[in-house]
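Q: Residues per chain, in single letters:
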Amino acid sequence: KAGVTQTPRYLIKTRGQQVTLSCSPISGHRSVSWYQQTPGQGLQFLFEYFSETQRNKGNFPGRFSGRQFSNSRSEMNVSTLELGDSALYLCASRIAIGQTNEKLFFGSGTQLSVL
Amino acid sequence: AQRVTQPEKLLSVFKGAPVELKCNYSYSGSPELFWYVQYSRQRLQLLLRHISRESIKGFTADLNKGETSFHLKKPFAQEEDSAMYYCALIYNTDKLIFGTGTRLQVFP
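As given, the protein sequences belong to chains A and B, one line each in that order. Letter by letter, the first sequence follows residues 1 to 115 of this note's numbering. Letter by letter, the second sequence follows residues 116 to 223 of this note's numbering.
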């Protein structure tokens, strides 16, 4: 079974640009979550999608948005990039939400550098 | 508000020494707690969950509702335990939050 796949692996952008990251969950998983990982702030939750609907949202500005497609693949978009957006963006999938014992499977992440 | 606190950003021990990575949570309901680990150049992965009451790679964690803690312990640290450890809480059935993480360094 293929794991969670994130593309691209690395991205370099400049301030003011926008970026789209992609995540393909494990086959059969319908929930996709996005996290921002930085050395200073650790792992911060961005949002979670389930059945093409955003179900949970973290405390990030509106420049961060996402969507999920009918095949459960998800994209995350960041507009008007700032230097502070430089981070490793992790995607995680699980079979469904509402099952408290369900564990997350993480992708390798997309390393975004904003210059 | 729900919160997971890992007070130590870095914990350094020598091989063979006991290890305790602290995790405290704030949640008025019935918590579901997990420890995730990220080894160098590897994906973040589940280490253990409190409901399973399991021991993985010699690590254990006991939920203490009185102290609202879920500390991760290992009696004898190994060099291969060096990694980033995150404590996580599921609340309101399906919302998951992580602590800021603790980097464990085990020296030979």
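Please note that a few of the clues may not be correct.
[Stated by the list, open to error] Chain B is faced by these chain A residues, among others (derived, beta-carbon under 10 angstroms): (1) 4; (2) 8; (3) 13; (4) 30; (5) 33; (6) 35; (7) 50; (8) 60; (9) 90; (10) 104; (11) 106; (12) 107; (13) 109.
By construction, these hints were calculated from the structure, which means they are not laboratory data. Quick caveat, the model's predicted, so the values are computed rather than measured. Glycine residues also receive a C-beta, built at the ideal position from the N, C-alpha and C atoms.
Q: So, for every hint listed, does it hold in this structure?
A: The hints, checked one at a time:
For the restraint placing residue 4 of chain A at the interface with chain B, the shortest Cβ-Cβ distance is roughly 8 angstroms, inside the 10 angstroms limit, so the hint holds. Checking residue 8 of chain A against chain B by beta carbon gives a least distance of about 16 angstroms; that is not within 10 angstroms, so the hint is violated. Taken as an interface hint, residue 13 of chain A does not check out: its beta carbon lies about 24 angstroms from the nearest beta carbon of chain B, beyond 10 angstroms. For residue 30 of chain A, the shortest C-beta to C-beta distance to chain B is roughly 12 angstroms, which exceeds 10 angstroms, and the interface hint is violated.
For residue 33 of chain A, the interface hint holds, the least distance from its beta-carbon to any beta-carbon of chain B being 7 angstroms, beneath 10 angstroms. Because the closest C-beta pair between residue 35 of chain A and chain B is about 8 angstroms apart, less than 10 angstroms, the hint holds. Residue-level restraint check for residue 50 of chain A holds (minimum Cβ-Cβ distance to chain B is 8 angstroms; threshold 10 angstroms). Because the beta carbon of residue 60 of chain A sits about 14 angstroms from the nearest beta carbon in chain B, more than 10 angstroms, this interface hint is broken.
For the restraint placing residue 90 of chain A at the interface with chain B, the shortest Cβ-Cβ distance is roughly 7 angstroms, inside the 10 angstroms limit, so the hint holds. Restraint check, residue 104 of chain A versus chain B: the minimum CB separation of about 7 angstroms is within 10 angstroms; hint holds. Given the 10 angstroms rule on beta carbons, the hint for residue 106 of chain A holds: about 4 angstroms separates it from the nearest Cβ of chain B. With 10 angstroms as the threshold, the beta carbon of residue 107 of chain A comes within range of chain B, its nearest partner Cβ sitting at about 7 angstroms, so the hint holds.
Interface hint status for residue 109 of chain A: upheld, as the beta-carbon distance to the closest one in chain B is roughly 8 angstroms, under 10 angstroms.
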